[in-house]
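Here is how the chains run, residue by residue.
There are 2 protein chains.
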Amino acid sequence: MEKKLLLITVSIITNLVFTIHILYRNSTTWNPTWTSRAAIEAEDAASVSCSGHGRAYVDGIGVLGGKQPSCECNNCYTGKDCSILLSDCPVNANSGDPLFLEPFWMRQAESSAALVSGWHRMSYIYQDGTYMSEALETVIRKLHSVVGNAVTDNRFVIFGSGSTQLLAAAVHALSLTNSSSSGPARLLASVPYYAMYKEQAEFFDSVHLKFEGDAFAWKNSERNDNTTQVIEVVTSPNNPDGKLKRAVLDGPNVKTIHDYAYYWPYFSPITVPADEDLSLFSLSKTTGHAGSRFGWGLVKDKTVYENMKRYITLSSMGVSRTTQLHVLQLLNVVVRDGGDNIFHFGHETLKKRWETLNKVLSLSTRFSLQKIKPEYCNYFKKVRDFTPSYAWVKCERPGDANCYEIFREAKITGRDGKVFGSEESFVRLSLIRSQDDFDHLIDMLKKLVLHEGVEAHSI
Amino acid sequence: MEKKLLLITVSIITNLVFTIHILYRNSTTWNPTWTSRAAIEAEDAASVSCSGHGRAYVDGIGVLGGKQPSCECNNCYTGKDCSILLSDCPVNANSGDPLFLEPFWMRQAESSAALVSGWHRMSYIYQDGTYMSEALETVIRKLHSVVGNAVTDNRFVIFGSGSTQLLAAAVHALSLTNSSSSGPARLLASVPYYAMYKEQAEFFDSVHLKFEGDAFAWKNSERNDNTTQVIEVVTSPNNPDGKLKRAVLDGPNVKTIHDYAYYWPYFSPITVPADEDLSLFSLSKTTGHAGSRFGWGLVKDKTVYENMKRYITLSSMGVSRTTQLHVLQLLNVVVRDGGDNIFHFGHETLKKRWETLNKVLSLSTRFSLQKIKPEYCNYFKKVRDFTPSYAWVKCERPGDANCYEIFREAKITGRDGKVFGSEESFVRLSLIRSQDDFDHLIDMLKKLVLHEGVEAHSI
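So the sequence lines, in the order shown, correspond to chains E and G.
full-length UniProt numbering numbers the first residue of the first sequence as 1 and each following residue consecutively.
full-length UniProt numbering numbers the first residue of the second sequence as 1 and each following residue consecutively.
In case anyone wonders, no lab produced these hints; they're calculated from the structure.
Warning: the hint list may mix true and false statements.
Note that identical chains are pooled: a pair holds if it fits in a single copy or bridges any two copies.
Straight line, CA to CA, 25 angstroms or less: simulated DSS-like cross-link-like pairs of lysine-lysine [said to hold, decoys possible]:
#1 K67 x K352
#2 K210 x K198
#3 K371 x K80
#4 K446 x K359
#5 K309 x K210
#6 K418 x K309
#7 K198 x K309
#8 K198 x K373
#9 K142 x K210
#10 K142 x K67
#11 K4 x K418
Note that this is a predicted model, so its numbers are computed, not measured.
Excised from the complex, chain E in its bound form (with noise of 0.2 angstroms):
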């Protein structure tokens, strides 16, 4: 009899338990709409293995079909989950592709997702009647301040799409400022430099501007006559040799761009707030999303940022909103923290990348690599080494001239120094890829370097 009593009060017990659970997880638990399709594709896709050696994306060629999407390897990597190392593979040292970040966002999936709807900013302009999110203008400057490499207090911010398109603006913009009397107005960068620089002058051919070539040449020369308008790129860190650069030349006649790109804690000491009239950002080197094509300027005379927002208006009308939204997502979770956890992570991956660089090529008396003296870092609050985003190789034989065909030979891809207006003695090889990409440089420059030993003993 207690018995049965017993089992009817476990049981009406275990009911009312059960009862409460499920009334509870209705009120309390979110049930997505019309959110969840987008969602679950999401994880899908991200839930696709690709031995760590590739990744599946929403928008990868399979999905037309209504299939999975499939694994899309890294380099010399392949199969259908990318298991298969190919033997023989050249190494890809060439692009900055960005991927030393990727393992950061792949960890913070949660706090960096976006959900963009179908009707999203629709509209060319947003409610204030710009093409740039009030929101993200305000992370930005914020992203400044945590990170402490740029004054943005009394300076205009414009965005691109990239930093090269701003690139592009800034130079017309200023080259517009020019009294046309003189003749066009002559850009010029310090040997070595970004090659873009160079392109882009030459191929939008304005009426207005001329690719002039090394900074240094052009002081020394007789052309250097203080009347002749000058645009000078200063690019610190510098792309290709990650050393803090400063402007060559002073005068009325002269104006400065200068490229922050790579003035974030990953690749250098932070030494001062960049204090100057055009300064220019790209979101590549700041998140590692250079597929998102983001960048942003920080202008000082409004004459030049109303000419640069023309650029921008007449060239694309402003970034894609879509685009505008995921970059504020990124760059909350890059602030949140004051950048701790990512500029951390990224630190210390470069940080292992150069000690690896370093060791292998300490070996050698063939190659050398750029000597930067360290700096104290007002960010990370201590003096530390450069680390930068490439490594700017010099061949040192006598023999060896055409330093990236030596390298091309041992099945490393950097990129030939005459492209930034240097030598062909010396080649760039980007240190920022993949780890993949990092790994298989070292173990192809460790071939490389041995050989280099079997040879000298051979001599």
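Once you have looked at the hints, place chain G on chain E.
Same frame as chain E, now just chain G:
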């Protein structure tokens, strides 16, 4: 005794039902993990009530403080929930902001949403080494095939940040093939033309290009010597007047760019698939996403295509991969039913708007509208009226010299005929904006036309 047994049995069965329910639910219900925060935020923003006169976006300015985003109201509406209509507020009928399609996308919330992961396509390149999504290219070709508005066989597809960027790229590419001996290529378009052609050419001030104005004037001028290189932009349907346009010039020295931004069933009968050397399209007028800054071109000649690609590369290194993902999602929604849903929705909307507009202006002798003869539409399989994006209004009274000013005084902001290379007696009124803007426009037009009647009586 039996009662108790029954009670036990019922209770235990209920327990079993609950258990099965919970187990089943857990095994079949999808539980979002890392996507849920983004999804919740998007649904939260979408659920903000803005009285049908505005909408809240996830990246609205309020969100930085962690608050729910606030309403962004349509023109002339204000208040926390956009419920207050401002009196005496001028109506904006200026830009071609294609908000008439916003209600369509709100209804397609589920199918059109896209979730962008934090590590989405961080690389500069897609798997195939290009800047363009292969899946998106496939969908674009399919779109033209279902609509029948363009031949894509033997054409290269190129993406740009809006057709704006592609236009600059196309003009530049065609000017490059110009032999330098004959001076810069002349850019022409028949009046009335979209002002962007002129503005770009004049602002970008290429050595190889000069904007020359009206194509008819050039044809009849002495300078039309059949050797000077000429680039004619043919906008069809035309902006501002909506007419199907043909090239004015021909000859071995003439190159043509066809701007087909408006060649969609919303605006015009699809009379024949476009089959030109170089055609441009804009997402803005295809799906209504002006803010996404996406356009594409269909290019026959490989050299021209390569030069356009180089232009896009040097100006922005392609289009944001985030944007390409979103656009893929949108165009997939369009093509999956052959465009039925969106083109019917959009065309019906514009048809109603034109009926309303015609009715109002039929009472007027002071203002006249463009007239276009109906044509057979291969898409809707019937003879149909043109329902252009813009009313191209002529002020017929000799005293009304400046038509734009007449409307501005009546609190209707249109776009001055002079902007299109035409006369002051014309003004363009945009009909593709939000329903609120259109309703407001009609109210103001009624007043203006009513006033005309009063004036007539008072004479």
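Here is how each hint holds up against the structure:
no. : hint        : in the structure
1   : K67 x K352  : neither (39 angstroms within a copy, 41 angstroms between copies)
2   : K210 x K198 : both (9 angstroms within a copy, 23 angstroms between copies)
3   : K371 x K80  : neither (43 angstroms within a copy, 59 angstroms between copies)
4   : K446 x K359 : within (10 angstroms within a copy, 81 angstroms between copies)
5   : K309 x K210 : both (22 angstroms within a copy, 22 angstroms between copies)
6   : K418 x K309 : between (33 angstroms within a copy, 24 angstroms between copies)
7   : K198 x K309 : both (22 angstroms within a copy, 18 angstroms between copies)
8   : K198 x K373 : neither (29 angstroms within a copy, 52 angstroms between copies)
9   : K142 x K210 : neither (37 angstroms within a copy, 43 angstroms between copies)
10  : K142 x K67  : between (42 angstroms within a copy, 18 angstroms between copies)
11  : K4 x K418   : neither (92 angstroms within a copy, 94 angstroms between copies)
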